[in-house]
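Participant: Each chain, letter by letter, is given below.
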Amino acid sequence: MPMLTRRAAMIGATAFGVLPGLRLAEAQPRPGMLRYGLSVWPPNLQPWPSTGQAAGMIKMLVHRRLTTFDAKGELSPQLAREWSSDDEGAWTFRLDPRATFHNGEKLTAADVKWTIEQVAGERSTAYYRAQMQQIERIETPDAHTVRLVMKAPIATVPLWFANYNMPIVWRGTRDMNNAMGCGPYRISGQERGSWIELQAAPNHWDPGLPRTRTIRMTVYADENLRLAALQSGDVDMIEYVPWSGMAAVEADQRFSLKSTMGPFMDILFNGTKPPFDNPLVRRAVAHAVKRDDIVRVAFSGRGKVLEGMPIVEGTPAWDAELARGHRYDPERARALLREAGHPDGFDTTILSTGTFNMHKDTAEVAQQHLAAVGIRAEMRVVDWSTRVSMGVRGQYDLAVHGVSADSNDPDGLTVVLDTSLSPAHGRSFRLSTPRTVELLRKGREEYDPAKRVQIYKDMQRAALEEVPIVGLAWREQGYALDRRVTGFEIMPGQLSLSSGALLEFVDITA
Amino acid sequence: MLWLARRVGVSLLLMWVVATIVFLTLHMVPGDPAELLLSTGGVVPDAAAVAELRDRLGLDRPILVQYGEFLARLSRADLGVSLVDEYPVAEEILLRLPRTLELIAAGTLIAVAIALPGGTYAALHAGGTFDRAASAIAAVLQALPVFVLGTLLILVLAQWLRWLPAGGYAPLADDPGRHFLLLLLPAVAVAKGLAATVFRMTRTAMLDVLSRDHVRTARAKGLTQARVLRRHVVRNGMIPVTTVLGLQMGTLLGGTVLVEYVFNWPGLSTPLLRAVEQRDYPMVVGIVLTVSGLFLLINLIMDLLYAVLDPRITRS
Amino acid sequence: MRRLVFPAALVALILLAALAAPILPLPDPVRQDVANRLATWLPGSPLGRDEFGRDILSRILWGARASLSVAFASAAIACLVGTTLGLMAGWFRGAAEFLAVRAADVVLCFPPILLALLVVTLLGPGTGTLILVLSILYLPGFVRVTFAEVLSARGQDYVEAVRALGAPTPRILSRSVLPNIAGPVLVQFSLAVAAAVVVESGLSFLGLGVVPPTPSWGLMIRGARATMEQAPTYLLYPCLALTFTILSMNLLCDALRDVVDRKGGSRIRHPRTWTDRVLPGLFPARDPAPLLDVQGLTVEIATPGGIIRPVEDVSFAVRAGSTLAIVGESGSGKSITATAVMGLLPPVAQVTAGVARFEGRDLLGLPESERRKLRGGAIAMVFQDPMSSLNPVHRVGDQVAEAIRAHREVSAEAASREAVELLKRVGIADPDRRARAFPHELSGGMRQRVMIAMAIANRPRLLIADEPTTALDVTVQAAILELIAELQRERGMGVVLITHSLGVVAEVAEEVVVMYAAQVVERGTVAEVFARPLHPYTRALLAAVPDGDAEPEGIPGVVPRPDAWPPGCRFAPRCPHAAPACERMPALEEAGERLVRCVRWRELAG
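Protein chains in written order, with numbering that gives the first Met the number 0: chain E, 0 to 509; chain G, 0 to 315; chain X, 0 to 605.
Since the hints were made in silico from the structure, they are not lab data.
Mixed in with the good hints there might be a few duds.
[As the list claims (entries may be wrong)] If you want a taste of the chain G side facing chain E, the calculated C-beta under 7 Å gives, among others:
(1) H26
(2) G40
(3) V42
(4) V43
(5) E51
(6) V83
(7) A157
(8) Q224
(9) L228
(10) P265
(11) P270
(12) E276
Being a predicted model, the structure only gives us computed values, none of them experimental.
Even for Gly, the Cβ is constructed at its ideal location relative to N, Cα and C.
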């Protein structure tokens with residue numbers, strides 16, 4: 000009975016107590032209520048540990064950070080109205096005196112100090128634990144001023160405080176699963192794994208926010224189903240629009256697509272054993288893969304080739320020439336292999352996960368192109384957990400990965416490119432790329448914007464030779480929304496995954 | 000009663016074995032819950048933070064210590080809390096299980112409503128047009144994998160025709176109409192395989208009963224056709240059908256995974272899949288134990304029911 | 000067997016396609032051609048290209064290899080290991096039984112897909128894991144089937160005999176037991192293969208099965224699902240391939256099961272079963288208005304091999320108060336004759352000629368509702384096997400009462416009381432208590448008495464008894480016959496007694512009809528027929544009756560099957576007096592008071 004007739008469906012519906020006159024599939028947007036299709040359930044909402052972008056979005060709406068990014072991706076004030084660094088290399092933040100927690104307590108410098116101490120604490124599991132441990136001491140000269148004295152000069156401190164894993168929490172909070180925040184929304188209800196509902200916090204201290212009273216987020220883990228939910232009117236807006244469906248969304252009068260080139264795919268190496276401990280071989284890999292095929296297959300054409308280091312186009316450190324430093328050139332790849340002593344190529348493995356199609360598809364295309372130059376890689380497709388575990392333990396030769404940097408500042412790439420950091424599934428394993436690492440450090444400590452640009456261009460040059468990663472493709476990150484949903488923009492580049500912060504500006508017209 | 004006590008005892012023993020196997024396997028395969036949690040979305044976590052979380056979750060202790068603790072907890076009927084968000088496993092199961100059961104019940108209802116009369120009618124008119132057509136349809140349905148059917152149903156009914164929502168769930172209390180509307184497609188998908196099986200089973204059982212001598216006796220008594228069917232065919236034929244139905248329902252407990260996945264039905268499978276992905280040990284063990292416990296319970300009930308339906312069965 | 004051919008051919012075709020994939024002129028299934036991704040048709044790619052621009056036809060054929068090799072390998076492993084475990088468990092019992100059966104129970108605690116999902120997620124996807132998990136999944140089936148079969152085989156005489164001779168265990172197992180369990184195990188194997196294909200595709204669909212880029216149907220459906228709006232045909236082909244394969248395999252399983260498991264093969268009609276079961280009954284009549292007058296009764300059954308005629312031109316009549324016996328070997332058509340008169344023929348069998356007048360009305364022409372009123376009312380029937388003829392799930396008192404209420408407007412309570420009376424009348428001690436018993440709680444003789452009580456509940460004028468004593472032991476037989484005779488005298492019923500025992504006929508009947516291969520071969524009074532049998536078959540039957548100390552002479556050969564009747568006299572092949580004249584079909588001739596169907600009866604009588 001695969002083909003129900005409409006009549007049969009109606010009869011069925013009536014039999015189930017759904018009387019005629021009731022909408023069957025088409026639900027209408029309602030003012031004051033945004034229905035949002037989540038791609039994944041936030042594992043937990045503890046403020047500081049990183050548990051993904053879904054959790055991040057909710058944390059951004061429920062909490063406030065010292066700084067934030069505006070719709071254009073520019074760093075802008077949030078709890079801190081202004082900030083500056085002094086000659087000592089210390090950073091001073093001046094807090095907005097209006098800020099009030101949901102329990103009515105005023106935000107003070109003590110809350111900021113307490114937050115930083117918790118994040119940097121010995122027992123901390125926070126994402127920014129290592130960064131906060133770079134802070135020598137925290138001074139609170141008055142209730143609305145925080146001065147951070149750094150162990151070493153760091154230029155990117157204000158960026159840290161814009162990250163969604165750095166919300167400022169009321170210092171009286173004990174249960175971290177219910178941390179007290181001062182954002183425009185409060186969690187009003189949830190069902191673990193299915194939906195979560197946010198209600199506007201009463202009398203929010205920042206007038207005019209939020210624009211929409213209620214946001215109801217429902218998980219649609221399957222991307223096609225998520226899109227179908229939008230198309231059938233079950234939700235007003237979805238994140239992670241499947242690439243294969245983007246064209247359909249654009250073509251449909253009822254919807255608009257907000258998208259940007261955001262996260263990227265790359266290949267990681269195991270540096271502890273031949274042949275990938277040899278930079279020549281890594282460069283051969285870099286020149287062997289035809290990125291265009293990945294963009295077309297894994298992302299249905301909704302992506303962009305990435306033939307250099309993942310510096311966002313249009314940002315100061317971007318350079319047209321460097322961005323093509325690893326351009327597709329199989330001849331060159333073969334030559335590099337010969338030079339490296341592998342004239343006949345070699346057999347190896349490529350690790351990927353079947354949990355995410357884009358990882359699997361990217362790996363399949365890469366595998367084919369690597370084979371064309373003689374690198375015969377056998378696919379290892381495992382579930383995501385195993386992928387992470389094997390990545391951290393270096394149980395692979397080549398691995399395909401997809402990630403977004405912390406920000407559009409080149410320093411945001413440190414987590415990906417700095418191979419001197421502890422082993423992680425998203426970094427090449429114990430690879431030696433000394434010049435890249437050193438230049439990343441220099442850039443982090445340089446306060447002069449012009450000099451930083453120069454340093455990061457050098458860093459790209461070094462990285463093109465040392466090959467800590469092989470960039471493959473930028474992927475288009477998209478949100479699809481009903482036309483009646485206004486006020487939402489996607490943030491550029493690596494910040495695209497933080498765009499959920501802008502939901503507080505969203506209006507719904509009837 | 001001794002029989003029952005023994006059955007229950009054996010079932011409990013089996014569940015202990017299941018719990019142990021699942022617990023030990025989970026702890027031995029790759030994947031570390033702390034590492035995974037902090038790597039959500041592909042981000043690269045700080046190694047020290049991971050180590051700290053692992054310590055906090057007690058994952059560094061020797062496995063036997065963890066196992067002992069697990070058994071102690073289990074003996075108090077405490078399934079523990081999720082490693083991911085400290086949510087009580089029992090609460091999650093209590094929330095989700097009814098939905099899976101509802102899905103199974105709705106699917107069974109549809110299947111039985113179609114297949115029982117259909118199978119009986121086909122048996123009574125064996126070889127006729129209806130019989131041949133229905134048998135062919137049943138064979139095709141049985142061969143049509145549930146994820147294929149689900150995918151096609153969504154493509155046609157939700158995306159092309161936009162008659163039905165693509166999937167999801169609405170609580171009965173909030174919006175009963177929508178609740179049943181959303182239930183419709185997944186229930187049909189669940190019913191598909193079941194209907195085919197029940198149809199075939201009913202048809203076979205009825206044919207078998209129809210050919211039995213006692214049916215001839217009943218007709219020789221001059222009973223009306225309806226009465227012969229009701230009292231001497233259907234009742235007897237229901238015995239094997241009931242058993243098969245019960246076993247099928249047991250199998251469905253774990254078998255709704257694909258349906259729940261395709262239709263985004265928030266039953267027990269979603270948290271199980273997610274828990275396995277996240278290596279959320281207490282959640283996985285809790286759900287598996289619940290499912291296999293129910294499975295054993297259904298089997299037990301079926302045995303009891305069988306004894307009631309068929310007086311020849313003695314509980315020896 | 001014929002049923003096997005079609006599905007087997009389908010499965011063979013699929014297997015062949017899978018096996019031949021490497022030598023067929025197909026594009027490389029893993030070669031990507033991104034420029035042509037999702038093309039619906041290209042030269043050389045009749046089914047188009049997938050999302051990587053790979054040839055879909057080629058991937059479907061190669062995908063068959065992946066699916067089927069996983070399925071067969073896992074089913075084979077499960078079969079081998081499971082059968083061995085089951086054999087050991089069944090043969091040695093004790094610890095081996097405990098371990099094997101309990102291990103199977105543990106596996107069965109997990110719903111199958113759940114188990115597969117857990118193992119694959121935990122061990123990582125891949126062909127090896129798939130084979131492992133699927134073999135574990137299907138292991139219990141083999142263990143249980145083998146175990147049960149061995150247990151039953153152990154108890155059989157021939158196995159006991161071989162054991163007593165001191166044959167070594169492995170030899171007994173492999174020579175005596177294995178061949179007997181081969182059928183069920185084969186069925187189990189085919190089921191496992193079909194189920195494995197389903198589970199494999201499901202797991203691959205979830206991304207937990209076959210590792211890409213190896214083609215697999217589940218993976219293809221997963222891939223096509225993402226692009227189903229742009230390229231619906233891409234989704235269609237692997238779905239079709241998968242469904243078609245599973246369908247073929249299911250059909251093969253069904254057919255195999257029918258062939259192997261005849262007990263469960265009620266879907267196939269074995270005409271012989273029916274011929275064995277049914278009965279005729281009656282007499283010629285001297286009186287102007289016999290109670291039952293059957294003339295030229297012919298029954299046909301349509302079988303796949305053509306139309307057969309288990310009853311052909313049968314005539315006889317019964318008078319009130321008298322007893323007519325119909326005798327003949329199994330397969331002669333006597334039971335079908337009786338069933339036809341009762342209107343209880345199975346749907347495949349049809350009366351195509353003749354009349355059966357009961358008290359002047361033609362039964363065969365009556366509407367079903369009228370016939371129903373007669374059945375169990377004026378005409379009642381007692382069947383051969385009282386165990387199977389009573390409904391096992393209802394109490395016997397209720398079953399008797401049901402017969403009463405089918406014909407008379409009485410209260411349930413009154414009917415129950417009357418049922419107890421009837422049980423008492425047919426000689427059941429303690430009828431109150433027995434009325435509440437289920438059939439399986441009664442002895443065979445008592446059950447037959449219940450059947451008789453049921454039959455006489457509405458004071459029938461005609462009682463048809465179809466081998467009422469065959470299933471009973473000798474002393475009980477006599478008592479039952481005595482009961483029938485008594486009731487007949489008491490109520491003046493006409494009785495048609497169907498039997499293969501001439502001894503019984505001599506005791507109770509006045510007239511006899513001898514049937515052979517669907518035809519009446521001799522008819523007359525018992526006294527005459529027994530004293531001077533005219534037909535060689537009657538003679539042979541009489542000779543086969545134990546008579547004093549003389550060794551009975553068996554009749555050589557068996558009744559021919561209804562689809563293989565000799566063209567002339569049907570008894571000729573077994574007849575010691577067969578002559579060339581017998582190659583023509585003899586007519587039923589009058590021989591004084593009698594009728595006989597033999598061209599040579601005159602010379603033989605002489």
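Participant: For every hint, state whether the structure bears it out.
Facilitator: These are the hints, each one checked on the structure:
1. H26: violated (13 Å)
2. G40: OK, holds: G/G40 within 7 Å of chain E, min 4 Å.
3. V42: Because about 5 Å separates G/V42 from the closest Cβ in chain E, which is inside the 7 Å limit, the hint holds.
4. V43: holds (4 Å)
5. E51: holds (5 Å)
6. V83: holds (5 Å)
7. A157: holds (5 Å)
8. Q224: Because about 29 Å separates G/Q224 from the closest Cβ in chain E, which is outside the 7 Å limit, the hint is violated.
9. L228: Where the cut-off is 7 Å and the nearest Cβ of chain E is about 26 Å from G/L228, the hint is violated.
10. P265: holds (4 Å)
11. P270: holds (5 Å)
12. E276: holds (6 Å)
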